[in-house]
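K.L.:
The chain contents come next:
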Amino acid sequence: ELKVEQNPLFLSMQEGKNYTIYCNYSTTSDRLYWYRQDPGKSLESLFVLLSNGAVKQEGRLMASLDTKARLSTLHITAAVHDLSATYFCAANFGNEKLTFGTGTRLTIIP
Amino acid sequence: KAGVTQTPRYLIKTRGQQVTLSCSPISGHRSVSWYQQTPGQGLQFLFEYFSETQRNKGNFPGRFSGRQFSNSRSEMNVSTLELGDSALYLCASSLGQYLSGYTFGSGTRLTVV
Numbered sequence: 086e087l088k089v090e091q092n093p094l095f096l097s098m099q100e101g102k103n104y105t106i107y108c109n110y111s112t113t114s115d116r117l118y119w120y121r122q123d124p125g126k127s128l129e130s131l132f133v134l135l136s137n138g139a140v141k142q143e144g145r146l147m148a149s150l151d152t153k154a155r156l157s158t159l160h161i162t163a164a165v166h167d168l169s170a171t172y173f174c175a176a177n178f179g180n181e182k183l184t185f186g187t188g189t190r191l192t193i194i195p
Numbered sequence: 002k003a004g005v006t007q008t009p010r011y012l013i014k015t016r017g018q019q020v021t022l023s024c025s026p027i028s029g030h031r032s033v034s035w036y037q038q039t040p041g042q043g044l045q046f047l048f049e050y051f052s053e054t055q056r057n058k059g060n061f062p063g064r065f066s067g068r069q070f071s072n073s074r075s076e077m078n079v080s081t082l083e084l085g086d087s088a089l090y091l092c093a094s095s096l097g098q099y100l101s102g103y104t105f106g107s108g109t110r111l112t113v114v
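Heads up: the protein sequence lines correspond to chains A and B, in order.
Residue numbers for the first sequence follow the numbering used here, beginning at 86 and rising by one.
Residue numbers for the second sequence follow the numbering used here, beginning at 2 and rising by one.
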């Protein structure tokens, strides 16, 4: 069965701290995506990871991919309030269907 | 560059009715995918259309259907609405080629009462 699992489901962290969201997937994936969703809004694309060892960074967010471990991480550095949102990882498994993780609701506390 | 346009933004329907949602992809994109998002089930894939053909289908009942027109615009239809169909419906636009990414529309919030 094709599965994408994220943890934690909820994350409350203080401003200025670092933390990591984990995304495991069940079988070989073509591509791994990270999206951000604000309440009541659509999905905003953050990163697309294509190959083993891929690392991408944008501002305080950095995503990496380990295809051997079937693991992607989203690392948050020195969190700020504006990063409060729900973050989803998603994967393709040989076709155009995206399988999403459960999402991580991130709350940054001043 | 225009983004993905979904209409309407909000809908309220009564159980048993049917509804049609529309999605206009980014110009030049030939693939449109539809997703349902609910608090309980999360984001689930409904179907994907490419060049007017359904290429992939998720595990939803036959009440959920879709189509794509020659200009790549897509519609999805839900017949005999149930309370459980209340959700945010998102469409995603893509070139439909290997390694192309997805851009999501703002979604249609459907409430069934």
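Just so you know, these hints were derived from the structure itself, not from any lab.
Check before you lean on any hint, since a few could be wrong.
To be verified - Result set (SDA-like, lysine to any residue): computed pairs, CA atoms no more than 25 Å apart in a straight line:
1. Lys-14(B) - Phe-51(B)
2. Lys-126(A) - Tyr-11(B)
3. Lys-126(A) - Leu-84(B)
K.L.:
Can you name, in rising order, the numbers of the hints this structure does not satisfy?
P.N.:
Per hint list: single violation, 1.
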